[in-house]
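J.: Sequence:
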Amino acid sequence: METVQQAEETVDLSLDHSIWDRVFTVAPLVVVGTRDALGNYDLEPKHLALPLGSGAYFGFISTAQRATYRNIRRDRCFTVSFPNPSSVVVASLTSSARREGHKKPVLQALPMTKAVTMDAMFVSDSYLFLECELDRIITGFGENCLISGVIRRAAVNKESLRLFEQDDQVMLERRPLLAFLPPERYAVLKSTRPFPFPDSVRH
1 METVQQAEET
11 VDLSLDHSIW
21 DRVFTVAPLV
31 VVGTRDALGN
41 YDLEPKHLAL
51 PLGSGAYFGF
61 ISTAQRATYR
71 NIRRDRCFTV
81 SFPNPSSVVV
91 ASLTSSARRE
101 GHKKPVLQAL
111 PMTKAVTMDA
121 MFVSDSYLFL
131 ECELDRIITG
141 FGENCLISGV
151 IRRAAVNKES
161 LRLFEQDDQV
171 MLERRPLLAF
181 LPPERYAVLK
191 STRPFPFPDS
201 VRH
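Using my numbering, the first residue of the sequence shown is number 1, and each one after it goes up by one.
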């Protein structure tokens, strides 16, 4: 017999406004790297980003009004940096406003690393680096669109690489992860526990 429990009291949210501003959720914080039509490198933080399945696909949400969208549509490639917690300020500064010539002067002072397979940059102090070729742009999510890419190169900081002979918790204590709690908070994740999957579930 099914067990039905009384749920805790809830509050209905208006769909006329963003429901994501009324409750905290946990998201990754990544920085997408592109190059503009004049050859200037650009970096922009994103939190609506995720692997698209277990294969070599990665996607994020953008809008046609963003320079990142226009750059990717033109050059058909982009980088993705997963910054370390020590680079939270750097990740924040990549969202700075553009000035004359649509440049972000602040980028000249930030530590960046060149991609290998494309003409774009990474945030240097990161633990995971992806170089992606544009797969497709899917529109229809209001003003938003999903930009998906095929990962052509992936590199991980040696100390952030999961090893079978090493306890995951020990690694995360040494190399914690940066998470974003929209709309304007972040967290450092270093205390975790194994998820209690049923015995019948195979990984």
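A couple of the hints might just be wrong.
Stated by the list, open to error - Okay, derived cross-link-like pairs now, EDC-like style, lysine to aspartate or glutamate, Cα gap no bigger than 16 Å in a straight line:
| no. | residue 1 | residue 2 |
| --- | --- | --- |
| 1 | Lys158 | Asp168 |
| 2 | Lys190 | Glu173 |
| 3 | Lys190 | Glu159 |
| 4 | Lys158 | Asp135 |
| 5 | Lys158 | Asp125 |
| 6 | Lys103 | Glu173 |
| 7 | Lys114 | Asp125 |
| 8 | Lys190 | Asp168 |
| 9 | Lys158 | Glu143 |
Treat the hints as calculated values from the structure; they're not laboratory data.
J.: It remains to establish, for every hint, whether it holds in the given structure.
T.: Status of the hints after comparison with the structure:
1. With a CA separation close to 14 Å, the supplied pair Lys158 and Asp168 stays within the 16 Å bound.
2. In summary, the hint linking Lys190 to Glu173 is supported, as the alpha carbons are separated by about 5 Å, within the 16 Å threshold.
3. Under the criterion of a C-alpha separation no larger than 16 Å, the hint pairing Lys190 with Glu159 is consistent with the structure, at around 14 Å.
4. Note on Lys158 and Asp135: the hinted pairing is violated, with a Cα-Cα distance of about 28 Å set against a maximum of 16 Å.
5. Proximity of Lys158 to Asp125 is assessed by CA-CA distance (about 13 Å); at most 16 Å being required, the pair is judged to hold.
6. This hinted pair does not check out: Lys103 and Glu173 have alpha carbons roughly 38 Å apart, beyond 16 Å.
7. For a cut-off of 16 Å, the pair hint linking Lys114 to Asp125 stands: about 12 Å separates their Cα positions.
8. With a C-alpha separation of about 10 Å, the suggested pairing of Lys190 with Asp168 holds against the 16 Å cut-off.
9. A threshold of 16 Å between alpha carbons decides the hint, and for Lys158 with Glu143 the separation of about 39 Å lies outside it, so the pair is violated.
Comparing the model with each earlier hint shows violations of hints 4, 6, 9; every other hint is respected.
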